[in-house]
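**Student:** Construct the complete structure from the given sequences, taking the supplied hints into account.
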Amino acid sequence: MLLRATGLCKRYRTLLVFDRVDLEVGRGQCLVITGANGSGKSTLLKILAGLLLPTSGQVEMEIDGRSLTAAQRRRLTGWVSPELTLYDELSARENLSFFARVRGVTLDVRTLDSTLSRLGLTQRADDPLSTYSSGMKQRVKYGFAIMHRPPFLFLDEPGTTMDESGARLLADIIDEQKRHGLVVLATNDREETAYGDRRLRLDGTGTGRPA
Amino acid sequence: MEQALAVLHKDIVAEFRTRHAVNSLIMFGVTTLVAVSFAMGPFGLSSHVLAALLWIILFFSAMAGLSRSFVKEEETGTIMALKSSADPTMVLLGKMMFNLILLAALEIVIVPLFFVMMDTWPSAPTRFFAVLLLGSLGLSAVSTAVAAIVSKAGSKGALFSVLAFPVLLPLLLSSISGTASALEGASPVWPELRLIVGYSGILITASFMLFEYIWEQ
Amino acid sequence: MVWKYLLGIFMVVVILGSFFYAQPALGLGEVSRIIYYHVPAAWVAVLAYLVAMVSALRYLRTRDISHDTAAAISAELGTLFAVVATVTGAVFAKVTWGAYWNWDPRQTSITVLLLIYGAYFALRSAVDDDQRRAGLSSVYAILAFFTVPFLVFVVPRVYASLHPDPILNVDKKINMDARMLQVFLASLAGFTGLYSWMYSLKLRIYRMLRERTGV
Numbered sequence: 000m001l002l003r004a005t006g007l008c009k010r011y012r013t014l015l016v017f018d019r020v021d022l023e024v025g026r027g028q029c030l031v032i033t034g035a036n037g038s039g040k041s042t043l044l045k046i047l048a049g050l051l052l053p054t055s056g057q058v059e060m061e062i063d064g065r066s067l068t069a070a071q072r073r074r075l076t077g078w079v080s081p082e083l084t085l086y087d088e089l090s091a092r093e094n095l096s097f098f099a100r101v102r103g104v105t106l107d108v109r110t111l112d113s114t115l116s117r118l119g120l121t122q123r124a125d126d127p128l129s130t131y132s133s134g135m136k137q138r139v140k141y142g143f144a145i146m147h148r149p150p151f152l153f154l155d156e157p158g159t160t161m162d163e164s165g166a167r168l169l170a171d172i173i174d175e176q177k178r179h180g181l182v183v184l185a186t187n188d189r190e191e192t193a194y195g196d197r198r199l200r201l202d203g204t205g206t207g208r209p210a
Numbered sequence: 000m001e002q003a004l005a006v007l008h009k010d011i012v013a014e015f016r017t018r019h020a021v022n023s024l025i026m027f028g029v030t031t032l033v034a035v036s037f038a039m040g041p042f043g044l045s046s047h048v049l050a051a052l053l054w055i056i057l058f059f060s061a062m063a064g065l066s067r068s069f070v071k072e073e074e075t076g077t078i079m080a081l082k083s084s085a086d087p088t089m090v091l092l093g094k095m096m097f098n099l100i101l102l103a104a105l106e107i108v109i110v111p112l113f114f115v116m117m118d119t120w121p122s123a124p125t126r127f128f129a130v131l132l133l134g135s136l137g138l139s140a141v142s143t144a145v146a147a148i149v150s151k152a153g154s155k156g157a158l159f160s161v162l163a164f165p166v167l168l169p170l171l172l173s174s175i176s177g178t179a180s181a182l183e184g185a186s187p188v189w190p191e192l193r194l195i196v197g198y199s200g201i202l203i204t205a206s207f208m209l210f211e212y213i214w215e216q
Numbered sequence: 000m001v002w003k004y005l006l007g008i009f010m011v012v013v014i015l016g017s018f019f020y021a022q023p024a025l026g027l028g029e030v031s032r033i034i035y036y037h038v039p040a041a042w043v044a045v046l047a048y049l050v051a052m053v054s055a056l057r058y059l060r061t062r063d064i065s066h067d068t069a070a071a072i073s074a075e076l077g078t079l080f081a082v083v084a085t086v087t088g089a090v091f092a093k094v095t096w097g098a099y100w101n102w103d104p105r106q107t108s109i110t111v112l113l114l115i116y117g118a119y120f121a122l123r124s125a126v127d128d129d130q131r132r133a134g135l136s137s138v139y140a141i142l143a144f145f146t147v148p149f150l151v152f153v154v155p156r157v158y159a160s161l162h163p164d165p166i167l168n169v170d171k172k173i174n175m176d177a178r179m180l181q182v183f184l185a186s187l188a189g190f191t192g193l194y195s196w197m198y199s200l201k202l203r204i205y206r207m208l209r210e211r212t213g214v
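Chains as they are written, first to last, in numbering that gives the first Met the number 0: chain A, 0 to 210; chain B, 0 to 216; chain C, 0 to 214.
None of these hints come from the bench; they were simulated from the model.
All C-beta atoms in this analysis are idealised placements derived from N, C-alpha and C, irrespective of residue type, glycine included.
One thing to keep in mind: the hints can contain errors.
[Stated by the list, open to error] Sample of chain B residues facing chain C (criterion: CB under 10 Å; computed from the structure):
#, residue
1, 151
2, 208
3, 212
4, 213
**Tutor:** Have a look at this one:
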């Protein structure tokens, strides 16, 4: 299992976000990406997760030496980000079962219940998301990203708006993910950077450097 | 297919809770119909004029409501969640079905009202409803594909109707002429039905082939 | 550079020829001279729209932004020539049929074409990001292109037209004498040359603008 990016470059019109970013992450590893606000952490994560096209350069995902097609990537990728929004009109339960259905994953009631209780959402599982606090919404996003047990997990500032039990939940998720896949984590939080085995620093001058 | 149904089901549930699209769509349709009927009166209109009025009402109501389902995903940001989990083709198919249902809901209200207020009834009802059904299918499907483009373009102002109108024009012209002859009942509507089905078929196929390029933006 | 002047001289000769060398067509009289402007303009409009279409397809294949630039330029020029064809057509219609506009199938077709490309430019101006603008407008141009067979083949069969037969009509006869044909063909070539000159000029302007903004 491998995630490899070569020569990634992204620009918006005249603005160069980054240039020549190379990275490689293997099974069981956690790569932490740090960098100042505006250095392009979120953009890089979206490109890695296949949600945004780079201006140039390539991203490859491999499992057992075979590179994945776009459809396989979608099924095998989880993504959490401040830019991720779930459906406000639907409850946590409806959101998760909807995303399971569009992913083509069968999710029985018991698995759904146990996921919800792990996220600490059992009591409010049937209320619409519009009534949730931002921390609770963040928990639903965790559920969105991990319920199909993807080998590739991308976490963008996952700890924002999290209380203590939420931070433990995050640590638990990253631990479990390392056992069956890999994690790319974009954060500047001191505690969260400690999860990483390797680090990449986007220094705002357009290149990524291992730190 | 199961995934497209999931998208359809989600949209219907969300729509039932807010009733945003369906309300604006139907109210827009009713308002236009009342305005038309008030201005023209029920008497002395040829079937060609009646047919044209009906399709103009349907077209502009569609323009008022059918971009909602894509634009809302883009505005609220849920499009990213869909993008990271769903097959684009299935999303497009699900949204097309949803918009067809919306348009059908509109027609259930508008068409009987149209008969009453314009004091008319088709001489060949079967042909009339065949044209209405197939024309609506094409109208909703093509509008959905254009709505996807508009949602990526920042959905500014009247862009939706500006983009949709020329692409829909062949369909509208055929539907109007088919509806007119069904109202009169004198001539068969086969030529128009063939045109409607052929043109919609080509455009729907092209939309599915091109949708990937819209989705990735 | 020398081509520019040759083209200028050639066009002057064509214009003179269209008024003094060619005979007026039988039955139509002096007004028939509009054919040396109307038909070449329509031909160039079709050619330019085709180039725009092919460039849009090539953009989607390669994602090379220069194909999108080519598509936009061609669409602009196509629209310019389509307007020329529409106006000359309307003048001809007024003189021969008594009204500038009567929704003749050909007028319908050209109106739809102008609407499509008007919408295309509206879409382009609504999007800021270069790649996104290129992608969306290419998709729209291709989608809208499917109306063309309908307009060209279906509409004229359903609704009767007063438009004179196309030059190469069903009987494969050319209704022109030798002098008319010479001027006509020369005008076609001249208009095509004019289009390619304008095209390369606009392309150079785009490139200079791009270099200046540093992209």
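**Student:** Confirm or reject each hint.
**Tutor:** Verification of the hints:
{"no.": "1", "hint": "151", "result": "holds (6 Å)"}
{"no.": "2", "hint": "208", "result": "holds (9 Å)"}
{"no.": "3", "hint": "212", "result": "holds (5 Å)"}
{"no.": "4", "hint": "213", "result": "holds (6 Å)"}
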